[in-house]
Structure formats: C-alpha cells, structure tokens
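Q: In the order they appear, the protein sequences are chains P and S. Every number in the working numbering is 464 more than the matching position in the first sequence, counting from 1. Every number in the working numbering is 675 more than the matching position in the second sequence, counting from 1.
Honestly, the hints are just simulated from the structure, not real lab data. Some hints here could point you the wrong way.
[Said to hold, decoys possible] Listed next, with one range per pair, are the computed distances between beta-carbon atoms: (1) P:Thr780 with S:Arg1364: 40 to 46 Å; (2) S:Glu961 with P:Ile480: 29 to 35 Å; (3) S:Ala1368 with P:Glu569: 15 to 21 Å; (4) S:Glu695 with P:Pro671: 54 to 60 Å; (5) P:Ile480 with S:Leu1352: 20 to 26 Å; (6) S:Gly1431 with P:Lys790: 43 to 49 Å; (7) P:Glu569 with S:Ala1379: 22 to 28 Å; (8) P:Thr502 with S:Thr810: 30 to 36 Å.
The C-beta atom is built at its ideal place from N, Cα and C for all residues, glycine as well.
Spelled out from the first residue to the last, the chains are:
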Amino acid sequence: MDCIVRIIAYLLLLAIHVLIYIFLHSHFYFILLVAMVTAPILTAAANFWLRRSVSVEILAGTGKEAYARKREETFFYLKVKNTSWAMSLDAKVSLTIANTFFGTEGTFTVSVPVHMHGTYELEIPVIPDFPGIVTLQADAIRVKDLLGFFYLKKKVASSASVTVMPSYVGKGTYDRTAVESGMLESEESSKRGNDFSDVQEIREYIPGDKLMSIHWKLSAKRDVLMVKDRVSMSDRQLVIVPELLSDHMMLDAVVEATYGLVRTLIEDGTTVRLMYWSMGSYDYQEFRIDYASDLETAFARMYYERTYQVADEAATHMAQVHPEIKSYLYVTGGGSGADVFVRENG
Amino acid sequence: MARKVKEQTPVLCDGVRLSESFYEKKENRIFTLLVKGFIVYLLAMGAVGFYLSAMDVSYNEILCHFVILVVSLLCALLYYRLLIENLGYLALFLTFGYLVLVFRDYINSGYYAMVNITIRNASEYFDVDVKKLYTERIGDRYLTITLMAIFVGVVLAILLNVFISRRMQYVNALFAVMFLNVIPLYLVFEPGMLYTLMIVTGLSASMVIKGGRHYNPLLQIKRSDTAYELKEKRKKREFSYIYDVKAMLQAGALAAVFSILVVSGVHAFRPVESFNVGYKTNKYKELTMSAISTVMLDGFEGLMRDSRYKGGLRSGELGSVSSVRLDHQTDLIIQFTPYDDSMLYLRGFVGEIYNPYQNEWTTAEAVRGVSLDQTAEINALEAAYDEGDEFAARGQMRIRNVDGGPDVTYRPYYTAEYVKNSRNFFYDVTYYPRLQGNMARINPDDYESGAPYTDADLYVPPENLPVIEAFVRENGMLTDTSDQLIIHVMDYFQENIPYTVRPGKTPKGEDFVNYFLTDNKKGYCAHYASAAVLIFRYMGIPARYVEGYAVSYDDVTSGELMDEKAYAYSDYYDGFSVLGETAMVEVEAKDDDAHAWVEVYSAKFGWIPVDVTPASSGEEDVSDFWSDFERLMGDGDSTDGEITDGGNGLRISQNLIKTVIYVIVGLMLAASAFGVLLVLIRRILYLIRYTRASESDKLVMNYAARRKKRARKDEGFKACLNYKTQVAYLAKEEFPAYADLVSLLERAGYAAGSIGKEEFDRAIEALNTLYAKER
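Start from the sequences and build out the full structure, keeping to the hints where you can.
A: This is the structure in structure tokens:
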C-alpha cells in the first residue's frame, strides 16, 4: 500500500515537473526530469542485482546449535550478507521461531538495512519459557528498492537452534519429601558405594571407562589398570519415568520436575536410569545417568520426541515392555504442576 | 537526561519471548543528525547559490558555505534532546536576531542590491525600461550580498531543518528551495553546476531516506537512541530498525554519485549554453509575461495600482503597460433616455498631436492653448431641432463621475451646455444627438476656434511616415475615397490585426504606432485608434484621437429604469427617437467601457466619431483557468493565430501539454478511484476475514472496529489504554454485564483461551447494550 502511494505521489511530482519544465524550458528542470525518469529505472535494476547478491544466515551462539537454560537469555544472530554494491534501506526478513518439543511456532518479520558489499548483523536475544529445542529459521527476505516503490522476494533457508534445558534451582531447594518417602530400600542402596550391580567380566582399562569402574586391587596386583564391566541390575536401579504430555503446562512441569529430580539424585551420587516412552520409535528410550552431562544428553534426545495426550501412556507401556521393573519413580502432570511418586509396575 | 524508552517484550511464539535487551541496542543518533544536517546544508546553500550564480553575482562563496554548513549541522543537532532543542532554538534565535540587528544595514542593502540586479536582468529580458531601482545604503555589493546570502541561507537552513530532520519532507523542502529560484529560471538564467548538483543531491538523498520508510517522526520526537522498534499491524509483528548511520551514509553517497552522473551527463550532452538555442518561448509563458514583468519591474503595486488605467482611458499615454487590467468598478453613472441602439460615446480626452517614440497624444490645449469645440455641429443640430426636423432631437443627461478621473469631464456628442454640480460631483448635460437621417449640415464658420480643423489635424510625424505610407500602399488604400478608406481600414483591422488586452509593452526605443503596425500586429483600442488617425491624416482626412467611454446598447438595456413620475421622459428628451418613447435609465459605465476611437472631419457633418477597433473574438479576453483548459482540450484545429503561425514546434509543445494535462487529470481520477476501491477492498477483506474467523477473533475484530470508530470522535475514550478502561469509560456507572464482557474480551483476544458461539453472542449483546446506552 505504501509503495503504491509512493508511486502515485512520484508520478504526480513528475507530472508537475514536466509542466514546470514545459513552462520554463529550463536546463535545471531538464536535469531534474532526467533524474526523476532515470532514478526509478536505476533503483529497480539495482534492486534486482541486490536480490541476487543477498543472503541470510541464522546463527545460535557461534554456530548452528547452542545450549541454554529455561528463562535465561540466549541469543540468535541474523546476518544479512550482500556481495553487491547495491543496497536497501528496508529489507524484511521473514522468520519463524518454534519449539519443536512443545509444538509451538510463531512468525515475525525483522526489517533491517542491507549494506553495500557487507554484512549486517542483528542480535536477537530471546528468553525461552519452555524447555525444548528452540529453532529460528529465516524463510524469505524481501528487499525494497531505494525509492520505496517495490519489494523483491528471495527465498532463503537458514536456521539455528538452541537446546533449552529446564531451569534448575539447586539441590538444597528441591522438595524431595514425596520421593524419599516412597523410595525403596533397594533403590536407596543404588547410591554409589552400595553398588548391587553384577560384575559380568573384568578386563583391561580402555580410555573412556569411568574411574569408578576400575578394579583397584586387581590393578595393583597386575600392575595394569583393570576395570569391572558391570551389568545393570535394573530392578535394583532407580528408574525414573516421565510422562511426555502434550499439554504445555503439564509438559513443562513434568520436564522440569524430572530434570530437577534426576539432577538432585546424581548430585547425591545416585545413578539414575531415565526412561521415557517414544511415540516415534514406539519403544522405551533409556539412559543411564551418572553425571549432569549424561542428563543433558538424555534431555537433548528426549526433546526430539513427540508428546502425547493420553495421561498414562508411558506407564501403560512400561508394564508391557519392561515387566521386570517392579517399580519406578513416575513423573506426571498434576493439578498444580507435576506429581512425582513411586509407581508399581503392572 | 535521556529518557529511556520502555518497550514491551513481545512473545515470539508460545514459550519464547524476546528479551528486553533487544531494545537496549543503541545507535549513535548524533551521526544520523549530522547526516540530516548535511542534507539541509546541501539544500539551503544550494538554494542560495542557485539564485546568486544564476544572476552571476559575485560574493564570498566560501564564507557562505562555511556559515550555512555550520548552522545546518547545529540546527540538526538540536533534535538530539528535547531540552537541547528548546534551549538551542532560543539561543539560535537570540543570536541570529542580534546579528541581524547589528548587520541590518548590510543585509538590507544586500537585499536591495539583489532586487536591483533582478530588476535589471528582468528589464533586459522583457526589453523594457527600468521604472525604478532601490537605494542601497551601503555600496559595497560584495560585502552586502554576502551578508544577505548568509542571512537567507540561515533562515532557509532553520526552515529546511524542520522539514528534513523531523519528517524528511522533501516535497516541502523542494518548494522552499525553488520558491524564489523560479525567478532566474523564468528570466532564462541558469544556476551554476555546483548548486544544481547540491540541490539534486539533497533532494535525492532525502527521497531515498524517506523511501526507506524508517523515518519515524514519532520516534524522532521521542529523541530515543533505541535502534529498533516494534510495529504490530493486523497480528503481523515486525521489528524494524530506526537508525542505521552506515545505511544512511551509504544511501547519501549513492544519491550523490547518482546526482553527479546525471548533472554531469546532462551538462555533457545538453550543455546549458546551447539548451535554449532555437527555442521560442511558449504560449503559456507569454500569457504570464505581462503580469510578471509588471510585478518584477513595478512590484505588486504595479498590478494593483496602475493609475494610468484606473478609471479608464483619459491621458493619451500609450504603450506603457503590457496589458489592460480592469477593476470592473463603476467609473461613471449616466442617467439619460435611450434613443437608438448604437454606441453612446462620451468624450473625455481629445488628442491632436501624436508624439512618436514618446508614445503619447497631446491635446490642442497643451500644444496651442486652444480648446477644440463642436460649435458648428451643435449649431446645426440645434437649428434642426428648433425647426422641427423630423430626425432632430434634444436630450438631457446627468453624468456622475465616480471614478473616471477627477479632472476629466465626459460629454456625449454633441453637448451644447453642461452644468456642473460640484457638491455631488455630477453635471447635467444638454446635447443634440445626430441620429440616423438627421442631415443637418454644419457651417464651418461657426467654429469658435475659427476653422474646422488645422494642420495639426492632418499632421503625421516624419518618424511614422514610412510605416504609414507603406501600410497604405501595401494594402491598396491609396486610391480610396474618404468613406472607402475608413471602411477599408476598419475591415483590415478586423481581419488582420487581432484584438487583445495583452499586447505587451511597447519595447524601449520603439514607436507605439510603428511597432503596432509592423511588429506586434495586435493591440487594443488605443492601438487601432492611434494608427487609424495617422492613416486617415496621411490620406488627407482630418482626424483626432479620442479617449472616453463607449456605452453599448446592451449596457443601456441592463441599466436601471428610473421612476417615471420623478423623471418624466418628456423632461429629458424631446424629438426623434429610433426606439420610440423610452424612459429615463441609469447606466453604469465601468472600466470595461473605457475606449479610444477616432474623430474624422466631414464637410457635411463636422467632426464625427469613427470606431475602428475590431470586435474582440471574446475567446482571447477570457483568461480564467477553465476557459483555457476548455480551449486546450477542445478542437485541435483551432484557428488561434499563435498556433497556426507557430509551426510544428508549437503544435508539438501544445500537444505535449495537452497530453500532460490528460495524464494529470487521469492520474488524479485514478488516485481518487483507487482510494475508493481501496476502501471497498478493505471492507470486503474485513468481511471475509470476519466471516471466516473463530468466535474469539470475531469478537476481537468487532470490538476493534467499535473502538476505532469511537476513538475518532471521543478524546476521553481515546485516552483509555485498554479494553477494561474503555468498557468502564463507556459503562460510566451502571453496567451489570461489565465483568462478564471484560472476561469474554480477555478470553477472546488477550489470553490463551477462546470463546464459543453462545459467549460471542452474549458479548456482542453486551457491547450493543453498552453502545446503545452511551448513545
């Protein structure tokens, strides 16, 4: 609309100048007329050139992927590169931002200048309110000519994502009453130092083995580092099963509660077995979590899952797929957030 | 203190917000202000330099550039903060006022120097004498013009700064820059290339920056350094940059490069020196030239107070004005009884001697101290009346001189006596009209002056002889009898010399009659009468030049009938009347009736009026826009002399004008149609969206439409920032559905929830009630 108004106004101005020129037959007005006639042609040609030369790149942090924490500021970067000597004072980049785990999506436009033979960089600070993978994608760029008459559109496909971990308020503040009250003796014993797992074999140390697996006595005897290769005693490990419900508030609460619970447990030295029901593979995905890094890897994987609406989807499948697990810590949506309790399997 | 602009932090999608730090990005506004200041400098200095370079005036250019640049930049920087702007403008005006006061004599002299230079250039262009020049108190033009240029430049910089720095209004800026610079262009003086370049660059840069649509006047007023703003329109969200110095600089540089290429290119291919070679000025400029020349040489007073022509023709002065401008005011009020349908001539000035090159007629009184009388004619007619001649008559006429000149007495043919009433400025006249059929012969001995005419009535100045002789010979008038000659001359004028009230001034050094007959070949009554007198004299017919009023029968019939009881017909007229018994009428003679004609001597009837002025075509005199437009748009085969004589060049030019006017009218119509269409399309799109929308969206749209409509006419409502306060404002005191309506609106549009059909209906009903209640 603005463009049409500008074109009409320009034509009127041109017509007025033509009349003045006819009236005065002035060299100066002749120059003005030449300028007014050639300017739209040149700016139009320059705009076509610019469209060919412009590109858009989206970055998260320094690369295409980054990590962030819920409710903490994280940054995307929009870079508009131009290899030509044309420019635009108004380039509109259409952007889509989405949280794939929560299934939310929004679009917006950023209007930026396109510099001659250079790059314009815009930092877009965002605050994720939900955990998941937040992706920012540039869909298209529309560049306006210098006289503001028209836009030229160019499709672009550049995106970057930020993996957002739930916020963790710290060990001391987490309410563990419900968990501890229902924790089984066997699960209590899974804390490090009370290891009930079976040793399957003893072998030489391979770089990457955990230090706690080293068989110190034997290593001292043989003068070579030996490690105990263990087989998990699943019915003796602390299993945590979150329900990945599609309701945003519940999912947020469940993920946050699961994260906080696991983090608290591993900081206490408890090895945790995180299991969740994958709608994509229609199977349980499980992760042994000893350290925070294990937890974040597991969550990053979990964020690619599809959420579901059935309230006890994971619990139902647990009984069918893993009948050997007698009980587990079950995290699901409750009335005012997440409920965590020990659930008997079956 | 910088005021922080608080922006909302919008939700980009459910679960992702834009951080407030986005708005903390700053851009150094000082640089953007400096860029704008530089554009102001280009335009202000360009405008000043344009005029001075066009008029080829020498002044201290470097000092002007420096001062105007500094002032332009300072003016632009005033917009950095509101406080700076307020105090800065105050300081600027005080300083400026003080300096103007100190240097007022210099500036004043510089101004008059420029006016004088312009007048001299204009007089050369119009080829007329300079009527008056202004006194320059200080003679050092280099100094005074420099100071005047700085003064004008600073004023322009302050003005342009408002247009450019605030809103980048390049159209206003263009008007301000070209307002006075049209004068040199009109006089065919072109500016220097540098100043052309400055103006073109300044305009190009401002157009480009404005075209970027990042010139938000509201944010300019906020004086915020925030680099980005949020624009939300119809659920579309756009984060738009406000300032970017690099982009502004690059755009300005591109504009400069473009301007340099265009200006230098045009100068290379169409040099200014040869631009107008072979070009003949166009018809429309010609139409304005008389008025413009009067304004330039005599000032606006020249248009309004031309004493020579105010109150008709009465001085015998010729050719000093380029066109006759009528005030259409009443000059004489005549009360008389009409007796025929011919023109009623009222003599005021009778010229006997024509002074070539001085271009004026002088009276016999002035030359010889003798007054020209009509005693013989009066005696003959009076005798015929007394003897009861069938076609003889005597009339009484009262003439009130309203604005026909205080020192002139206007009398009809043939006035026997007049009695002047000095108190009321009217005089009563007794006259004997020579009606058709009245063959009363005169006795030449009756003239009080002793002879019916003298050599002066046959005198043709030697300066005019060759032209008159050639005219008579070339037009085959040498063998004409007196009667034939008169008709021949009248016919010739009618057919060959068009009547115009805009013949242009007689150029300096030219004779009025010679120029009329040989070069100009167009004119008004004074031209025809003067030329005819000399032609008649050359051919041996005693002739005189007369100025006065010629009241047509149409004017008479449109006069006011007077009370028959108070003004009985028989008291004012007696004798033969072509019209039969009429009545006393009061007729107003206006400027339009002022006229010049010829008196020729007839041995039978004495001095009789002869009107050689051809009838006006009517078209030429009508000069209002619509008539011109109609003519322009009319028949392309117009027989207007200027068109047919002009050849192809003029035809093309007029066709071009025609096309351009069509284009403009077409564009205006298209723009109007487009506006209407746009409103319709918007309405249709709205209805489509409304029909397809969910109940929540419908309610939001419905409410938004009501809100928009209401806000237009209710400032109090407009001040309410959200729907809660808006509904409360409308509800005033009692509105039971307030809570429910607010809740529904909140759910529909301002929260994640939605509403159903029933709730929508309930909300609409509540809104209807609310608005009905308000009404």
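Q: Now tell me, hint by hint, if it's right for this structure.
A: For each hint, the structure was consulted:
Distance hint check: the CB atoms of Thr780 of chain P and Arg1364 of chain S are about 44 Å apart, consistent with the given range 40 to 46 Å. For Glu961 of chain S and Ile480 of chain P, the hinted distance range of 29 to 35 Å is not satisfied, since their beta carbons lie about 21 Å from each other. For the pair Ala1368 of chain S and Glu569 of chain P, the beta carbons lie near 20 Å from each other, so the given range of 15 to 21 Å is met. Between Glu695 of chain S and Pro671 of chain P the CB atoms are about 47 Å apart, so this pair departs from the stated range of 54 to 60 Å.
Restraint check, Ile480 of chain P to Leu1352 of chain S: a C-beta distance of roughly 24 Å satisfies the suggested window 20 to 26 Å. Distance hint for Gly1431 of chain S and Lys790 of chain P: a CB-CB separation of about 47 Å, consistent with the stated range 43 to 49 Å. For Glu569 of chain P and Ala1379 of chain S, the hinted distance range of 22 to 28 Å is satisfied, since their beta carbons lie about 24 Å from each other. Separation of Thr502 of chain P from Thr810 of chain S is about 48 Å and departs from the stated range, judged on CB atoms against 30 to 36 Å.
Checked against the numbered hints listed earlier, the structure breaks hints 2, 4 and 8; every other hint is satisfied.
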